[in-house]
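S.K.: Sequence:
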Amino acid sequence: MQSAKQKISDMASTAKEKMVICQAQADEKYNDVTIFTWPYRRSKLWQAEAKMDMHMAKAAHAEEKLMTKQSHYHVTDHGPHQTPMQAPAPVMGHGYGRN
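For this note's numbering, add 74 to where a residue sits in the sequence shown, where the first one is 1.
What the hints contain is simulated information worked out from the structure, not anything from laboratory work.
Each hint can be trusted.
Derived DSS-like pairs: lysine-lysine, alpha-carbon spacing no greater than 25 Å straight-line:
id: 1; residue 1: 90; residue 2: 103
id: 2; residue 1: 118; residue 2: 132
id: 3; residue 1: 79; residue 2: 90
id: 4; residue 1: 103; residue 2: 92
id: 5; residue 1: 132; residue 2: 143
id: 6; residue 1: 81; residue 2: 92
id: 7; residue 1: 79; residue 2: 92
id: 8; residue 1: 103; residue 2: 118
id: 9; residue 1: 139; residue 2: 125
Simulated restraints on C-beta separations:
id: 10; residue 1: 89; residue 2: 112; range: 32 to 38 Å
id: 11; residue 1: 110; residue 2: 139; range: 40 to 46 Å
id: 12; residue 1: 97; residue 2: 138; range: 56 to 62 Å
id: 13; residue 1: 111; residue 2: 133; range: 28 to 34 Å
id: 14; residue 1: 77; residue 2: 103; range: 35 to 41 Å
The structure presented is a predicted model; accordingly, all values stated were derived computationally and were not measured.
Virtual Cβ for every residue (Gly too), placed ideally from N, Cα, C.
Construct the complete structure from the given sequences, taking the supplied hints into account.
M.R.: Take a look at the structure:
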């Protein structure tokens with residue numbers, strides 16, 4: 075009976091030891107991944123921001139260039155193009171000689 079208890083105790087301690095080893099390995103892999111991943115992501119973020127800034131600058135320049143070209147030919151202050159139509163006068167009677 076004592077040997078059975080000892081075997082179970084040894085198995086439990088071995089399982090705990092393996093669990094601790096696996097946890098340590100997982101932590102090490104996590105640290106390796108995060109050490110590589112965070113700077114990589116940060117550099118990608120900076121590159122994306124730089125591309126967006128360049129795109130915004132190009133768009134602003136294109137808009138400015140377009141506005142200088144159009145300002146000589148295009149009048150921006152227009153009045154109404156058409157006057158609103160008046161409703162026709164109501165007809166008295168139906169036009170068949172009887173009112």
